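*Asks:* Residue numbers (our numbering), protein chains in the order written: chain A, 1 to 338; chain B, 339 to 676; chain C, 677 to 1014; chain D, 1015 to 1352.
In case anyone wonders, no lab produced these hints; they're calculated from the structure. Since we're looking at a predicted model, the values are computed, not measured. The beta carbon of each residue, even a glycine, is placed where N, CA and C say it ideally should be. A hint or two may mislead.
In the PhoX-like style, the derived pairs of lysine-lysine whose C-alpha atoms are separated by at most 20 Å in a straight line are [claimed, not checked]:
| # | chain 1 | residue 1 | chain 2 | residue 2 |
| --- | --- | --- | --- | --- |
| 1 | A | LYS94 | C | LYS1002 |
| 2 | D | LYS1340 | B | LYS432 |
| 3 | D | LYS1108 | D | LYS1274 |
| 4 | D | LYS1340 | B | LYS664 |
| 5 | A | LYS65 | D | LYS1079 |
| 6 | B | LYS598 | B | LYS457 |
Sample of chain D residues at the chain B side, in silico, Cβ under 10 Å [stated by the list, open to error]:
| # | residue |
| --- | --- |
| 7 | HIS1185 |
| 8 | ILE1186 |
| 9 | PHE1257 |
| 10 | THR1289 |
| 11 | LYS1300 |
| 12 | ALA1302 |
| 13 | VAL1333 |
| 14 | ALA1336 |
| 15 | LYS1340 |
Which chain D residues stay away from chain C? Per the calculated CB distances, all over 10 Å, these [claimed, not checked]:
| # | residue |
| --- | --- |
| 16 | THR1023 |
| 17 | VAL1070 |
| 18 | GLU1163 |
| 19 | HIS1214 |
There are 4 protein chains.
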Amino acid sequence: MMIILRPNTPQDKIELLKKVINNFGGVEIQMIQGADTTILGLAGDTTTIDAGAIEVFDFVDRIMKVAEPYKKVNRKFHPESTIVKVGDREIGGKKLAIMAGPCSIESEEQILGVARDVKRSGAGFLRGGAFKPRSSPYAFQGLGLDGLELLKMASRKTGLPIVSEIMSSEHIDKFVEDVDIIQVGARNMQNFILLKELSHIRKPILLKRGISATIEEFLMAAEYLMAGGNDQIILCERGIRTFETYTRNTLDLSAIPIIKRQTHLPIVVDPSHGTGLWWMVESMSKAAIAAGADGLIIEVHNDPQNAKCDGQQSITPDVFAALMKKLALIAQVEDREI
Amino acid sequence: MMIILRPNTPQDKIELLKKVINNFGGVEIQMIQGADTTILGLAGDTTTIDAGAIEVFDFVDRIMKVAEPYKKVNRKFHPESTIVKVGDREIGGKKLAIMAGPCSIESEEQILGVARDVKRSGAGFLRGGAFKPRSSPYAFQGLGLDGLELLKMASRKTGLPIVSEIMSSEHIDKFVEDVDIIQVGARNMQNFILLKELSHIRKPILLKRGISATIEEFLMAAEYLMAGGNDQIILCERGIRTFETYTRNTLDLSAIPIIKRQTHLPIVVDPSHGTGLWWMVESMSKAAIAAGADGLIIEVHNDPQNAKCDGQQSITPDVFAALMKKLALIAQVEDREI
Amino acid sequence: MMIILRPNTPQDKIELLKKVINNFGGVEIQMIQGADTTILGLAGDTTTIDAGAIEVFDFVDRIMKVAEPYKKVNRKFHPESTIVKVGDREIGGKKLAIMAGPCSIESEEQILGVARDVKRSGAGFLRGGAFKPRSSPYAFQGLGLDGLELLKMASRKTGLPIVSEIMSSEHIDKFVEDVDIIQVGARNMQNFILLKELSHIRKPILLKRGISATIEEFLMAAEYLMAGGNDQIILCERGIRTFETYTRNTLDLSAIPIIKRQTHLPIVVDPSHGTGLWWMVESMSKAAIAAGADGLIIEVHNDPQNAKCDGQQSITPDVFAALMKKLALIAQVEDREI
Amino acid sequence: MMIILRPNTPQDKIELLKKVINNFGGVEIQMIQGADTTILGLAGDTTTIDAGAIEVFDFVDRIMKVAEPYKKVNRKFHPESTIVKVGDREIGGKKLAIMAGPCSIESEEQILGVARDVKRSGAGFLRGGAFKPRSSPYAFQGLGLDGLELLKMASRKTGLPIVSEIMSSEHIDKFVEDVDIIQVGARNMQNFILLKELSHIRKPILLKRGISATIEEFLMAAEYLMAGGNDQIILCERGIRTFETYTRNTLDLSAIPIIKRQTHLPIVVDPSHGTGLWWMVESMSKAAIAAGADGLIIEVHNDPQNAKCDGQQSITPDVFAALMKKLALIAQVEDREI
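Generate the whole structure from the sequences, applying the supplied hints.
*Replies:* Written as structure tokens, this is what we have:
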């Protein structure tokens, strides 16, 4: 941490500040005297220092954080890539993790039909929403626990492990029992109560990036999960909010190489929510794999026109089957397989 | 709702689409034939129509929503301004609602000292955080229920009603009993589970705008609360995320006249979180009142240098006292009082 | 164009508005009567109608534009993809257009060395800046016309056509004579004076997207060029400004399929400016081609540590050579070649 | 400037980097050795150091700039506030500078009528566009030099100094002769060629903030003007681009106290472009003055419904007259006058 002082800060103020810093403990202070500026450089573990308590002094111009605030997710302290295991399947290994299925579970026929279709095309995981966060209170909110039962049934019949979104701490026990990968949605990325509770379980978590989360904030949310002891974390880029209105969100594929550099956790991409338009799913899926993603989570619906949610961003099983063939070729270039 | 079709869409496709729309029921379809474009105009209650089920057709170019998706918060259907009542105090009336207090409750001495100071300067409400959402799992997370007890004590001794943030549904009963205004933080603005539960209680809610929420999304979150029957909603602008990095957030004061026009609910402004810098609180507070805000929620700390959170954005009781005098003059110009 | 009126607008006001609209001429007005809303639908050529003159009425709630404001760049009116020709090379054809070279031309040795290196690896075009837009007046501003001479020399000796950025109308004649593709930089995307003058020449223009330009604004800038008769336009995505600070800009690869759908013009991607970090160039280049881009423009420098600008985002000739081999494999999957 | 190295960077690499830095000259290097990180702190004049030439090394993790890159506009080196003088009027003094007039000059009758009206209400300056930057090539582009003549005439008849936007270097001589304050529009804020030429003249410049310019970039554009010797610079906040679509731009009033702190230059606010909606002009004008702005630039049109541009954001002379009365009251609170 670097503390930049305002010009001509008197010595006694600097001493006062040093005392405040030393009260936090664990750091060594070095002074850099520039032409117009004095800087205090703090070496040591600065994660316990509250920047606010320093910025509060009016002779402090600015604070610059040097060390990343995340530790357990940081590749610096854990150089090897993490591979998350779900039964005999892996996320972050050589084989790409392709998760596919409908936005929401609607009926036995629907979920089983889609499950069989995506399995046939090579998907490794079945996704499906039982609880749906919707921006309108008047929109379909999912089948709830009944939906979860249908999803389990489809999993049993196809052998595909399942991914589903949790929206409330009260369902944790149920999800731990029923679901293979618990998804935390973008809107809950900073629901710290939920994160803390999920940090204590031993199930893989698929953590979606919030639509206005910086990569640092995204990794800090993962740090919440790892701080409590859960180290089976899969990150998911799903589009950020920008000024562009053509798409629902702007899919940030540049997050992939950054996350690969900064953390050891696997990262998958959601081209369906990331664009909000079904006809963009193919090109963005290919681009994500070419950029180094460890997998994809794609909305597939057998009858998008009658889908209860997000029909406009769902592809049909036929389109998915064709996409998988193209992805296999891109994967090969990247020395991955599908 | 307007449905813009792609050029040369054949008649049978249009008929198919009409059938899909009619299945939703309750709307009348009118066709507008342009030079290159055919448009279907939907009149009636379109809130039940899922746009996704229409955008899914590849001959649909785009959908445009004409009616606002919010009803109960919409001033069109409720022209009179809502005044929220807390005991003998009002939010949205002639008197401005000034809420002040520390970011987090730290000790009996601290909260009582600040409460007495801000009361003396004319604040109408005491704010204080017991549960703190923090981006780092290693940062101070608040005193929890113990903090709430201290806040109640300060309220009893000063007579100030209290505002505090709820982070989890499990605390609702406690908050209903102990707190006068329940705050929903920016990060929980789209925690729909929490919103739904809060919609069933009968306590004023102070709903903060999410940092990347459009005004429409902000009002839809308020709609969630009102849809369940809670009509004592106070909106709070607290800064949005933009590309500018000088401030923590960009305080969007233009939201004030817009919200006044679109909804009947009162709106207050948080200049402390909105800027993240204590020396900007004065100018932004004055600007907010000049722009027509119904009140302010300001972080005041008796000892910002030792604050356990957000010291850099807290003002001292002395600065607050001086600010209140200036606000009184601005309020007068606006035909309000403090 | 749809004009949404406020509830209960009296008939005489509607008649007044109709008269205003008819004064613009060329459109037919249709009325849609909803439950709460009246809408006027305008069919015909609405590009001459000034929305401001309609929004000014206080009984007008909002205006929605239905037709895209661009015509000549619109794929609707020009379904075939445009292929820009430069000598025997093409941009937008089966062969990908790879443009490579240093940020700025610094010396004969430098530009010739890089030109030979990138040619050997398969680049089709040589890029190099003679005039450099720099955010600081104290930074290196390019060699100017001397730089252009060096670039021409390198072109003569290698046979590579050249791409260089124009910053002022006064250099148009010189650029028309010397340069094969004239680049308009992101900061000048809405320099309408410059665009108008370039619309009258007959040279290919590479138009970069402004960092905060929506895709519609980007295409309107291209429309300026085509409106004056220049139809050899190449679009270039090079990153947009978002809240994320890890990268200089956020490369918007989703712009590729959108631009392919909305316009007939070719699109290339600049992964160097789009990320600002040399180690991200490889993954973003591959992703761009996988997403369907027609080419790339990449900064290559033989000695990045001593580059006069943008060293941090330049790759070396060796890295470029390795990249080209990987791109060839991705191109093959896309049925393109390099 | 702080250079953060990656963990375990070997000593010989550090020595190499030191040599590169010393080649730039004028700085002293200090080393800070942390637990995991080594940092090089550079003291002295770092404006000549090209960060790119340092970031290019793969053992450099990141660079942090400590000193602001602007010098001449920096309040640190020029503590007194600048007052720009135009005849007997001032911008930045006790009296607020109110600039009013139509978006574009349309006719003698129009400009003279508006000029007389705004003068009567107390405006100090007449604004009017002769050259109009329009996002569509098919929209009205202004009367050009004829417009300038009409503006001069209105100035002669009313005594109001005039503000008008320049779009091209070729008109500089004309503008220096005819116009009292030369406006540089938001889209040209980084037209460095234009800025450099305007830096050599001796006329006040009103520099508008680009819609996606950070405050630092805004001040660097002003630095371009001052670097060439022009010290009569007026800054103008006019809204930035965010994700919010209700308004054309998001007016960033928090820029006012920041700019007052960072620079000695006066700042005015444009509530018309800043919101794009005439009914928001009043509240945003009052807020701007309450936040400490030195003036306003407001679009006033005698017949907004027939305005050739931006009618929707223009207020009528009557509304302007009423607004001026309210502004006078706010000004008084701020110890300013109108």
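*Asks:* With reference to the structure, classify each hint as holding or not holding.
*Replies:* Outcome of the hint check:
1. Taken as a hint, the LYS94(A) and LYS1002(C) pair is honoured in the structure, with Cα atoms around 18 Å apart against an allowance of 20 Å.
2. The straight-line distance between the Cα atoms of LYS1340(D) and LYS432(B) is roughly 18 Å, inside the 20 Å bound, and the hint therefore holds.
3. With a C-alpha separation of about 15 Å, the suggested pairing of LYS1108(D) with LYS1274(D) holds against the 20 Å cut-off.
4. Restraint check for LYS1340(D) and LYS664(B): satisfied, since their Cα atoms lie roughly 17 Å apart, inside the 20 Å limit.
5. Annotation: proposed proximity of LYS65(A) to LYS1079(D) holds, straight-line Cα distance about 12 Å (limit 20 Å).
6. Using a Cα cut-off of 20 Å, the hinted pair LYS598(B) and LYS457(B) is violated, with the two alpha carbons roughly 28 Å apart.
7. Against a cut-off of 10 Å between C-beta atoms, the interface hint on HIS1185(D) is violated, since the closest Cβ of chain B lies about 32 Å away.
8. With its C-beta approaching chain B no nearer than about 31 Å, ILE1186(D) sits outside the 10 Å limit, and its interface hint is violated.
9. Among the interface hints, the one on PHE1257(D) holds; its C-beta lies about 6 Å from the nearest C-beta in chain B, closer than the 10 Å criterion.
10. With 10 Å as the threshold, the beta carbon of THR1289(D) comes within range of chain B, its nearest partner Cβ sitting at about 6 Å, so the hint holds.
11. Hint status for LYS1300(D): holds, given a least beta-carbon distance of 4 Å to chain B, under 10 Å.
12. Annotation: ALA1302(D) was flagged as interfacial toward chain B, and the flag holds, the nearest CB pair being 7 Å apart, inside 10 Å.
13. Taking 10 Å as the C-beta cut-off, the interface hint given for VAL1333(D) is violated, the closest approach to chain B being about 14 Å.
14. Evaluation of the ALA1336(D) hint against chain B yields a violated restraint, the C-beta minimum of about 13 Å exceeding 10 Å.
15. Nearest Cβ of chain B to the Cβ of LYS1340(D): about 7 Å, under the 10 Å cut. The hint holds.
16. Consistency note on THR1023(D): stated as away from chain C, and its beta-carbon is indeed over 10 Å from all of that chain's, at 15 Å minimum.
17. Once the 10 Å rule is applied to beta carbons, VAL1070(D) is inconsistent with being away from chain C; the minimum gap is 4 Å.
18. A cut-off of 10 Å between C-beta atoms confirms that GLU1163(D) is not in contact with chain C; the least separation is 20 Å.
19. Against chain C, the non-interface label of HIS1214(D) holds: every CB pair exceeds 10 Å, the least being about 12 Å.
Checked against the numbered hints listed earlier, the structure breaks hints 6, 7, 8, 13, 14 and 17; every other hint is satisfied.
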